[in-house]
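Sequences are here, hints too, so could you generate the full structure?
Chains as they are written, first to last, in the working numbering: chain D, 458 to 655; chain P, 19 to 254.
Everything labelled a hint here was simulated from the structure, so no lab data went into it.
A few of these clues could be false.
Unchecked claim - Computed list of chain P residues with no C-beta within reach of chain D, every gap over 10 Å:
no., residue
1, 43
2, 60
3, 72
4, 80
5, 81
6, 82
7, 88
8, 155
9, 156
10, 193
11, 207
12, 253
As the list claims (entries may be wrong) - The calculated label-pair distances, taken between Cβ atoms and stated as ranges, are:
no., chain 1, residue 1, chain 2, residue 2, range
13, P, 91, D, 603, 44 to 52 Å
14, P, 41, D, 474, 35 to 43 Å
15, D, 540, P, 254, 37 to 45 Å
16, D, 606, P, 94, 49 to 57 Å
17, P, 25, D, 495, 51 to 59 Å
18, P, 51, D, 491, 34 to 42 Å
19, D, 478, P, 147, 39 to 47 Å
20, D, 490, P, 26, 46 to 54 Å
21, P, 207, D, 564, 20 to 28 Å
22, P, 95, D, 490, 27 to 35 Å
For glycine and all other residues, C-beta sits at the position ideal for the given N, C-alpha and C.
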Amino acid sequence: MFSVTFVPVSDDPRRTAARVALVEALVRTGQEDRDAFRTVYHLTSAKLFGICLRICDDRQGAEDVLHDVYLTIWNRAGAYQPGRASPISWLATIARNRAIDWRRRQGRAHRAPVEEADATADGTVPQDDALIADETHARLHDCLEAIELRQRSAIRSAFFGGLTYAELAVAQAVPLGTMKSWVRRGLLALRGCLDGDS
Amino acid sequence: MATPDTTPLPDMTAAELVLGLLDGDERDAALHRLARDPAFAVEVDAWRDWLGALYAAWPGIEAPAAVSARIEASLDTRGGVPAAANDNQRWRRLAAVAGLAACLLLVMTVMLVRRPPPAPVRIPVAAPAPLIAAIAPTARGAPIAAAYDPASGTVRIAGGVDVPAGRTAEVWAIRGEEAPRSLGLLPRAGARLTVPAGARAAMAPDTVLAISIEPAGGSPTGLPTGPVVATGKLSG
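And the structure:
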């Protein structure tokens, strides 16, 4: 596993092909094509299970959520609009939201320390992750790197851990107001950077 | 470089909503705002696009083979109803209210279905019989006729609803206490929607059809996230 240089999708035929294959499989899933649905599962289940496992912090819970996520995908694939969103982001958002819902229903605090969030999500992209990496990611990565470390750490922890303000504050042992200040000022700087580059 | 910052905290609610930082009343207020404030909705979409890029950095972990088998079995036997979402109190109440509205609107529905603008409803002469509903706006306005044809598995909706810029209307089927199932996005002029295979079992008398306002592209969660603007109950 090693990090790669970010390249625009249009410059990398392999990545483009992978995304096109997923979009096609997703569209055909929307037409109730079970084989296409299996293709979607094959292409995306590792990514989505990684999301579920990280946020649920419980293997059985993550498997249950993954099961529900794919039933949701089967039921909702017809609503996916290929031109609107990256297919993997659309799928990953469903998985992340479902996993967060599950964890909050359990009423459990997230046990993983905040530092771990950065360790598992340091902004590098595995070589084989052909489905997502594109200009947007490169820009976001650069803009995140430009903001204060503690702000960046909090925003990443929120994203990868699915943590609320209250959970972040406990994890970092700072007052809630301090955590909100870090995150909001970090998000403001991030937006300024992203807007400026667009 | 950290600097002591005494300026008021910026309003970053859109990003906070996308990240899932909010809970309780704060989250409810943000969802309420999402439904009513088009500029806010555009901001939420922008953050969803930006932060979605972070998924590239999420390490994949091979899913246990048993999960795939479970999914296949569920699709074979249950029609793909997400079990985890079946505890939605709000939708149970909605179904009850919509039931009353449907009784009042049934006669009007029949009239509307028989002369639907702009294209005729395709009602097969042979069984199974179609199901019809009058989807009545929760605020004011004329009900929208809907007809479900079990033979083709399509539901024709003879009109749309007003949708703020950057948002879209989404149609849902809600049977009893089960989780809402999406039937697809509804254009302003109405549409014939193909009901997903997993949702067809739910297309039965007394199932409520509902229209909610969602982010462009439809609800990102698989369940309604925006306000319900119209409901109606299917009847044979």
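Evaluated hints:
The claim that residue 43 of chain P is not at the interface with chain D holds, since no C-beta of that chain comes within 10 Å of its own (minimum 13 Å). The claim that residue 60 of chain P lies off the interface holds: its Cβ sits roughly 13 Å from the closest Cβ of chain D, which is beyond the 10 Å cut-off. Distance check for residue 72 of chain P against chain D: the nearest CB is about 5 Å away, which does not clear 10 Å, and the non-interface claim fails. Not every beta carbon of chain D lies more than 10 Å from that of residue 80 of chain P, the smallest distance being close to 5 Å; the non-interface claim is violated.
With 10 Å as the threshold on Cβ separation, the claim that residue 81 of chain P sits away from chain D is violated: the shortest Cβ distance comes to roughly 4 Å. Not every beta carbon of chain D lies more than 10 Å from that of residue 82 of chain P, the smallest distance being close to 6 Å; the non-interface claim is violated. Listed as a non-interface residue, residue 88 of chain P fails to keep its Cβ farther than 10 Å from every Cβ of chain D; the least gap is roughly 5 Å. At the 10 Å boundary, the C-beta of residue 155 of chain P stays outside the reach of chain D, the nearest C-beta of that chain being 22 Å off.
Once the 10 Å rule is applied to beta carbons, residue 156 of chain P is consistent with being away from chain D; the minimum gap is 22 Å. With a least beta-carbon separation of about 13 Å from chain D, residue 193 of chain P lies farther than 10 Å from that chain, consistent with its non-interface assignment. Every beta carbon of chain D lies more than 10 Å from that of residue 207 of chain P, the smallest distance being close to 17 Å; the non-interface claim holds. With a closest Cβ-Cβ approach of about 24 Å to chain D, residue 253 of chain P is found to remain outside the 10 Å limit, as its non-interface label requires.
For the hinted restraint 44 to 52 Å between residue 91 of chain P and residue 603 of chain D, the CB-CB distance of approximately 48 Å keeps it satisfied. Checking the proposed 35 to 43 Å range against residue 41 of chain P and residue 474 of chain D shows it holds: the Cβ atoms sit about 41 Å from each other. Between residue 540 of chain D and residue 254 of chain P the beta carbon distance is about 38 Å. The supplied range of 37 to 45 Å therefore holds. Range check, residue 606 of chain D to residue 94 of chain P: about 50 Å between beta-carbon atoms, so the 49 to 57 Å window is met.
Between residue 25 of chain P and residue 495 of chain D the beta carbons are some 53 Å apart, a value that agrees with the proposed interval 51 to 59 Å. Range check, residue 51 of chain P to residue 491 of chain D: about 40 Å between beta-carbon atoms, so the 34 to 42 Å window is met. Evaluation of the 39 to 47 Å hint for residue 478 of chain D and residue 147 of chain P yields a pass: the beta carbon distance comes to about 41 Å. With their beta carbons about 53 Å apart, residue 490 of chain D and residue 26 of chain P fall inside the hinted range of 46 to 54 Å.
Distance hint check for residue 207 of chain P and residue 564 of chain D: the Cβ-Cβ separation is about 46 Å, which falls outside the suggested range of 20 to 28 Å. The hinted window of 27 to 35 Å between residue 95 of chain P and residue 490 of chain D is violated, with their beta carbons roughly 19 Å apart.
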